[in-house]
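Enquirer: Spelled out from the first residue to the last, the chains are:
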Amino acid sequence: MHPAFSVIFLTTLIGVGQGLFLALYTGQLYSVVEVVPVEDSHTHYGIGSLIALAFLAAGLLASFFHLGHPERGWRAIARWRTSWLSREVIVLPAFMGLVTLYGLVHYFDLNPVLFTFRETFRVDLSLVIGALTTVVAFLLFLCTGMIYACIKFLQEWATPLTVVNYTLLGSASGFTLATAFAAYQHSQLTDFYAGWAVLLTLAAMVTRVASLIRNKRIKHKSSLRTAIGIRHSRITQKSQGFMTGSFNTREFFHGAPQAVFKSIKWFFLVTVFPLPVILLALGMGGGAVLIFALAFAIQYVGLLADRWFFFAQANHPQNLYYQTVG
Amino acid sequence: MTQLALVIDLNVCVGCHACVTSCKEWNTSGSAGYLSDMNPFSHDPTGTFFNRVQTFEVGEFPNTETVHFPKSCLHCEDPPCVPVCPTGASYKRDEDGIVLVDYDKCIGCKYCSWACPYGVRELDEHQKVMKKCTLCVDRIYDHSLPENERKPACVMACPTNARLFGDVDDPDSEVAEAIRERGGYQLMPEWGTRPANHYLPRSKTRITIHEDELTRVDNPLKKERQLPMPDKDAPTLDDVTSW
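Line by line, the protein sequences are chains A and B.
Take 1 as the starting number for the first sequence in my numbering and just add one per residue.
Take 327 as the starting number for the second sequence in my numbering and just add one per residue.
Looking at chain A on its own, in the form it has when it is part of the complex (with noise of 0.2 Å):
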């Protein structure tokens, strides 16, 4: 496929949303059991909601980038009974909307005790919004890579590790942000973000490298033998119909050389996945911001690349109509 960058940018950027807001939400959480301090609700939920708000925003403009008509955008919620895009239209501004109520609740200190559970934790309305927050955000991540993972016939795509890791990279880089954020706030909680972005980033890897090593051994079910219909082992197009191009022949190829593909297949592995947990163990235990800065610098950078890569490694079944010009 020819990995359109407007989609680049919209899985990346919403998944760097989505992680950021389910780390400020693990943060919440831990700091009710106890387990860590307790942030100040409007410097540090309700600063890392709108940057969470943010990048869920540039994703969505990106999103119209791929559209023909964005005009027309708001009439893809019409099947969302049977088109997952259609869900993800729907899911992602719903996301947005929880994250500006989380937010604002937290930044106008708008969140009343509702209930005190076994007398110590005390359950406040941001908590609540943030759980119903948080089902939504995995139900983005699902939505996201179902988009991808549901059209059978690109077989690098349908498979469940296509979801897993939509959602392990989201929360990887969201995590790693969410690091270099309380870092510059000099949170207490800096360390607890580092220690999550470096378990999501190698959990990440560990899905990440199993899709390919899968990818790699994928044998494909269709073959120019089923698609014209001849059974003959030895078929060859000598022409596809036409000399200089078609949608055809723009949309389902990624045109780069082998050596550029290969290459950035080994750029993202590196820039996604040991880099930033170098970077993350370093700066742990009181480091300055810039080293977590650039860790998700690093790591975002890195998830582009994979990006590019996840598009242009699947082979659509239609490419076997167009091998030669003629």
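Since the hints were made in silico from the structure, they are not lab data.
Certain hints may be false.
Said to hold, decoys possible - From chain A, some residues computed to sit far from chain B (all C-beta separations above 12 Å): (1) Val-113; (2) Leu-154; (3) Leu-199; (4) Ile-298.
Said to hold, decoys possible - Below are the DSS-like pairs computed for lysine-lysine, each with C-alpha atoms no more than 25 Å apart in a straight line: (5) Lys-262(A) with Lys-238(A); (6) Lys-221(A) with Lys-152(A); (7) Lys-238(A) with Lys-152(A); (8) Lys-530(B) with Lys-238(A); (9) Lys-152(A) with Lys-418(B); (10) Lys-265(A) with Lys-238(A).
The structure displayed is predicted, hence computed values, not measured ones.
No residue lacks a Cβ here, since even glycine has one placed at the ideal position from N, Cα and C.
Mind docking chain B on chain A? Use the hints.
Expert: Frame of chain A; chain B shown alone:
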């Protein structure tokens, strides 16, 4: 149920591209808007087409066979492109099974083209909506045309009658009969899309001759033996010359 479809006879397709040009001509002049071209008269011309003819070579020289292969939307009975459309712009008509795109609803997200294993949907570069074969839906029901012209433009154009059009669900139709009796098959059956369009395989008329039928080993009637020379005094053909 009605399922209109094309049946393409690979046995007689000569790869002349008449269906391609006729399709383009009809559909670029249609009420739904033109099929746009980019740089039609300069470097790297490209454009939107509903139908293409490709050529494949089967076998290894000298035992090769050239197969011309027309490819357009197969109007699947279980079209994978339809459920993925987020707006409902892509739909399959209940009354005749034609898969169509509502150009006013399409947002140009290209997701349906990803979800089609055959690569028969194209984004129009000017109108920015997804386009595909309509089976000339604006022709086949047009009562201002004579009845024998209410067929898709490609079918009308084919000089070798390689394209048959009709209702594949009607067992008595020409197309259903052709599929049944001449081994009509579907493309990429592995994905369960159940294409309505079928292809008729190439077939050869063969005669089986055994070696012993070519040279007569025994000749009981002595049919081809060399005749003995007649007697000197036997009458000759013209009674003048003698042996």
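Enquirer: Would you mind marking each hint as holding or not holding in the structure?
Expert: Verification of the supplied hints:
Listed as a non-interface residue, Val-113(A) keeps its Cβ farther than 12 Å from every Cβ of chain B; the least gap is roughly 41 Å. With a cut of 12 Å on Cβ distances, Leu-154(A) falls inside the contact zone with chain B, its closest approach being about 7 Å. The beta carbon of Leu-199(A) sits about 34 Å from the closest Cβ of chain B, which is more than 12 Å, so the claim that it is off the interface holds. With a minimum CB-CB distance of about 31 Å to chain B, Ile-298(A) clears the 12 Å threshold, and the non-interface call stands.
Between the alpha carbons of Lys-262(A) and Lys-238(A) the distance comes to roughly 29 Å, so the proposed pair goes past 25 Å and is violated. For the hint pairing Lys-221(A) with Lys-152(A), the CA-to-CA distance comes to about 11 Å; that is within 25 Å, so the pair holds. About 29 Å separates the Cα atoms of Lys-238(A) and Lys-152(A), which puts this hinted pair outside 25 Å; it is violated. Using a Cα cut-off of 25 Å, the hinted pair Lys-530(B) and Lys-238(A) holds, with the two alpha carbons roughly 22 Å apart.
A hinted pair counts as satisfied when its Cα atoms are at most 25 Å apart, and Lys-152(A) with Lys-418(B) qualifies at roughly 20 Å. Restraint check for Lys-265(A) and Lys-238(A): not satisfied, since their Cα atoms lie roughly 33 Å apart, outside the 25 Å limit.
Against the hints set out earlier in the document, violations occur for numbers 2, 5, 7, 10.
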